[in-house]
Amino acid sequence: MIRIENLTKYYGERRAVDDISFSVEQGEIVGFLGPNGAGKSTTMRIITGFLMPTRGDAWVGDHNMATESLQGRRHIGYLPEVVPLYTDMTTRAYLEYVARLRGVERRAVRGRVDDVVQQCALEEYYDVLLAKLSKGFRQRVGLAQSIIHDPEVLILDEPTIGIDPIQVSQTRQLIRDLGKNRTILLSSHILPEVSMVCERVIIIHQGRIVAEDSIDRLSTMVSGAERLRLRVDGPADDVAAALEAVPGVAGVTFSEPNHLVEFAADEHPHGEITAAIMARGWTLTGMETVTMSLEEIFLQLTTKDDDDDDDDDDSYGDELDDDELGDAGDEDETAGEGAEQGAER
Amino acid sequence: MKNILVIARKELGTYLGSPMAYIVTAVFLALTGTFFTTYLAGVGYGDTSIRGFVNAARFLVLLFAAVLTMRLVSEEKKVGTWELLLTVPVRDVEIVVGKFLGALAMLTGMLMLTLYYPIMLMSFGDPDIGPMATSYLGLFLLGGACLAAGVFASSVTANQIVSAVVAGGILFGLWFLGVLGGLAPGAIGDVLALFSLSTYFADFERGIVDTRGVVYYVTFALLFLYLSVRSIEVGRWR
Numbered sequence: 001m002i003r004i005e006n007l008t009k010y011y012g013e014r015r016a017v018d019d020i021s022f023s024v025e026q027g028e029i030v031g032f033l034g035p036n037g038a039g040k041s042t043t044m045r046i047i048t049g050f051l052m053p054t055r056g057d058a059w060v061g062d063h064n065m066a067t068e069s070l071q072g073r074r075h076i077g078y079l080p081e082v083v084p085l086y087t088d089m090t091t092r093a094y095l096e097y098v099a100r101l102r103g104v105e106r107r108a109v110r111g112r113v114d115d116v117v118q119q120c121a122l123e124e125y126y127d128v129l130l131a132k133l134s135k136g137f138r139q140r141v142g143l144a145q146s147i148i149h150d151p152e153v154l155i156l157d158e159p160t161i162g163i164d165p166i167q168v169s170q171t172r173q174l175i176r177d178l179g180k181n182r183t184i185l186l187s188s189h190i191l192p193e194v195s196m197v198c199e200r201v202i203i204i205h206q207g208r209i210v211a212e213d214s215i216d217r218l219s220t221m222v223s224g225a226e227r228l229r230l231r232v233d234g235p236a237d238d239v240a241a242a243l244e245a246v247p248g249v250a251g252v253t254f255s256e257p258n259h260l261v262e263f264a265a266d267e268h269p270h271g272e273i274t275a276a277i278m279a280r281g282w283t284l285t286g287m288e289t290v291t292m293s294l295e296e297i298f299l300q301l302t303t304k305d306d307d308d309d310d311d312d313d314d315s316y317g318d319e320l321d322d323d324e325l326g327d328a329g330d331e332d333e334t335a336g337e338g339a340e341q342g343a344e345r
Numbered sequence: 001m002k003n004i005l006v007i008a009r010k011e012l013g014t015y016l017g018s019p020m021a022y023i024v025t026a027v028f029l030a031l032t033g034t035f036f037t038t039y040l041a042g043v044g045y046g047d048t049s050i051r052g053f054v055n056a057a058r059f060l061v062l063l064f065a066a067v068l069t070m071r072l073v074s075e076e077k078k079v080g081t082w083e084l085l086l087t088v089p090v091r092d093v094e095i096v097v098g099k100f101l102g103a104l105a106m107l108t109g110m111l112m113l114t115l116y117y118p119i120m121l122m123s124f125g126d127p128d129i130g131p132m133a134t135s136y137l138g139l140f141l142l143g144g145a146c147l148a149a150g151v152f153a154s155s156v157t158a159n160q161i162v163s164a165v166v167a168g169g170i171l172f173g174l175w176f177l178g179v180l181g182g183l184a185p186g187a188i189g190d191v192l193a194l195f196s197l198s199t200y201f202a203d204f205e206r207g208i209v210d211t212r213g214v215v216y217y218v219t220f221a222l223l224f225l226y227l228s229v230r231s232i233e234v235g236r237w238r
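Chains as they are written, first to last, in this note's numbering: chain X, 1 to 345; chain U, 1 to 238.
These aren't lab readings, by the way, just hints derived from the structure by calculation.
Among the hints, a few may not be true.
Partial list, derived from the structure: chain U residues whose beta carbon lies under 8 Å from chain X [what the hints assert, rightly or not]:
| # | residue |
| --- | --- |
| 1 | 3 |
| 2 | 6 |
| 3 | 10 |
| 4 | 17 |
| 5 | 18 |
| 6 | 78 |
| 7 | 83 |
| 8 | 87 |
| 9 | 89 |
| 10 | 91 |
| 11 | 236 |
| 12 | 237 |
Listed next, the in silico DSSO-like pairs over lysine-lysine satisfying Cα-Cα at most 30 Å (straight line) [to be verified]:
| # | chain 1 | residue 1 | chain 2 | residue 2 |
| --- | --- | --- | --- | --- |
| 13 | X | 135 | X | 180 |
| 14 | U | 78 | X | 132 |
| 15 | X | 135 | U | 78 |
| 16 | U | 2 | U | 78 |
Partner residues aside, some chain X positions facing chain U, computed with beta carbon under 10 Å [unchecked claim]:
| # | residue |
| --- | --- |
| 17 | 12 |
| 18 | 13 |
| 19 | 15 |
| 20 | 49 |
| 21 | 51 |
| 22 | 72 |
| 23 | 82 |
| 24 | 84 |
| 25 | 93 |
| 26 | 155 |
Where a beta carbon is used, it is the ideal one built from N, C-alpha and C, also for glycine.
Please work from the sequences and hints to get the whole structure.
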């Protein structure tokens, strides 16, 4: 449904997107992940026809967005990173205007607006000026305008940025619902979000794709190691020492109340570990395989990439800074499994 | 066509929904009214013409066109709605023409409100209708040309002040090109005058509809609308 071929975009001398290719199949929800300045928004702006590529092509359905932009745009719903609101309009007037612009027939406008208002739970704010809405509701109005013409393709640039945790989880649910019969490309720098909403992830860094796969496969691909989280009823230091002595175990770390045991992916020391604990008379109360969280995958990939090509790219890269990961950490409460693992590290 | 009307109606609605339009209109009426009256008083009420109003309005139109159009594109670029407008299935030219027509409707409304000057003259005297009608036609054409230049100025920047200054610069520069033409010798002066916004207005004031004048103002407007479309297009490649 969306096909990107050798896409490159320069802003003057600065290379924002560097020869990337990927595709999103019909009905897929794909996460587009990367630090700020990685080229996510630029790529999305090219897909939606807002910008022209310097080289390469973007296809939406059968339409090349450089030459048949108008036809392509009919199939796309787009929520830019900065929610495009006319703050002097009410929710109703705004959605009616966008509906008309997006080609909804005059007679159908009222009905479509009612539908999306209900879908995005905006009924209470029907006749409120957009200037008076909170950030979260503005975001929802933004989502509402993007689906007003019932598009096959949805491009969402950071759809949950800057809204509070309860609204974040509602928005994610909404996106999941929307994705049931649509193709969605969603960008984010909030890692748990992507792992919860998306089936597949494309990780972009400094304008290049550094990884593209399902989250599970990315996890094993990057790490080459597996980890077990154990809960053992016994003196922590002794337990750690005993575990380290088990053949095949590469490392043990203790973080109250769990021991984290690391070993190569092709080793399977589970039996030996259990035996070692029982031999000393302790009780094993929990054992769980830890998959690598997206944060870890992300960090590994992006730092690896830095090492590979620090020769020519110094001029434009935005480094992933601590604030970014901090943001991701803040999401933990609503973020389910992936984030919990991230938080416990 | 449908898209043009949707955009034009929205722009007109935005004008009418904001206090700015009313302030602008009030000031426009106050200033033109003052010149209308002072002219009549100056000739001891011995003349029934709107010359005072027209003399002021032809300059004010330059200024007010720059002010009315400054937000049309710049504001959308600033707040991010531009990204919405350029990704809906609407042609760039439809956006430009829609916005232009919205502003033209606003300016036409302002000019209509001044119709009470000639109406007043007609109820108290026996004015020559011809020059009054052509003066209004001239102001409308001049206004359209100025608004088109204003749309262009707005399309090149995200800053409304810059937009207004650029539009004002273009319009007053081209207006006084005629004066400059009068100072320059021979052929150069004639050529300068040929391109001046002011050259063709005099005929309209005198009650003459010269085709050259109509063609000039319409071409002027079309040229700047075309440049606006190109400017938007260039923006996509940047």
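Checked hints:
1. Given hint, residue 3 of chain U at the interface with chain X, holds; its Cβ is 7 Å from that chain's nearest Cβ, closer than 8 Å.
2. Taking 8 Å as the C-beta cut-off, the interface hint given for residue 6 of chain U holds, the closest approach to chain X being about 5 Å.
3. A cut of 8 Å between beta carbons decides the hint on residue 10 of chain U: the least distance to chain X is about 6 Å, and the hint holds.
4. Annotation: residue 17 of chain U was flagged as interfacial toward chain X, and the flag holds, the nearest CB pair being 6 Å apart, inside 8 Å.
5. For the restraint placing residue 18 of chain U at the interface with chain X, the shortest Cβ-Cβ distance is roughly 7 Å, inside the 8 Å limit, so the hint holds.
6. A hinted interface residue such as residue 78 of chain U counts as satisfied when its beta carbon comes closer than 8 Å to some beta carbon of chain X; here the least separation is about 10 Å, so the hint is violated.
7. Against a cut-off of 8 Å between C-beta atoms, the interface hint on residue 83 of chain U holds, since the closest Cβ of chain X lies about 4 Å away.
8. The interface hint given for residue 87 of chain U holds, since its Cβ lies 4 Å from the closest Cβ of chain X, which is under the 8 Å cut-off.
9. Below 8 Å, beta-carbon pairs count as interface contacts, and residue 89 of chain U has one with chain X at about 4 Å; its hint therefore holds.
10. The beta carbon of residue 91 of chain U comes within 7 Å of a beta carbon in chain X, closer than 8 Å, and the hint placing it at the interface holds.
11. Because the closest C-beta pair between residue 236 of chain U and chain X is about 5 Å apart, less than 8 Å, the hint holds.
12. The criterion of a C-beta within 8 Å of any C-beta in chain X is met by residue 237 of chain U, whose closest approach is roughly 5 Å, and the hint holds.
13. Taking the CA atoms of residue 135 of chain X and residue 180 of chain X, the gap is near 26 Å; set against the 30 Å cutoff, the hint holds.
14. Proposed proximity of residue 78 of chain U and residue 132 of chain X is supported: the alpha carbons are some 19 Å apart, at most 30 Å.
15. With a CA separation close to 18 Å, the supplied pair residue 135 of chain X and residue 78 of chain U stays within the 30 Å bound.
16. At roughly 26 Å between alpha-carbon atoms, residue 2 of chain U and residue 78 of chain U fall within 30 Å of each other, so this suggested pair holds.
17. Below 10 Å, beta-carbon pairs count as interface contacts, and residue 12 of chain X has one with chain U at about 8 Å; its hint therefore holds.
18. Residue-level restraint check for residue 13 of chain X is violated (minimum Cβ-Cβ distance to chain U is 12 Å; threshold 10 Å).
19. Interface restraint check for residue 15 of chain X: the shortest CB-CB distance to chain U comes to about 14 Å, outside 10 Å, so the restraint is violated.
20. Checking residue 49 of chain X against chain U: minimum C-beta separation of about 6 Å stays under 10 Å; hint holds.
21. Interface restraint check: residue 51 of chain X against chain U, minimum CB-CB distance 6 Å, threshold 10 Å, status holds.
22. Interface restraint check: residue 72 of chain X against chain U, minimum CB-CB distance 9 Å, threshold 10 Å, status holds.
23. At about 4 Å, the closest approach between the beta carbon of residue 82 of chain X and any beta carbon in chain U falls short of 10 Å, and the interface hint on this residue holds.
24. At a threshold of 10 Å, the smallest CB-CB gap from residue 84 of chain X to chain U is about 4 Å, leaving the interface hint in force.
25. The interface hint given for residue 93 of chain X holds, since its Cβ lies 8 Å from the closest Cβ of chain U, which is under the 10 Å cut-off.
26. Restraint check, residue 155 of chain X versus chain U: the minimum CB separation of about 9 Å is within 10 Å; hint holds.
Hint check: violations occur at hints 6, 18, 19; the rest are consistent with the structure.
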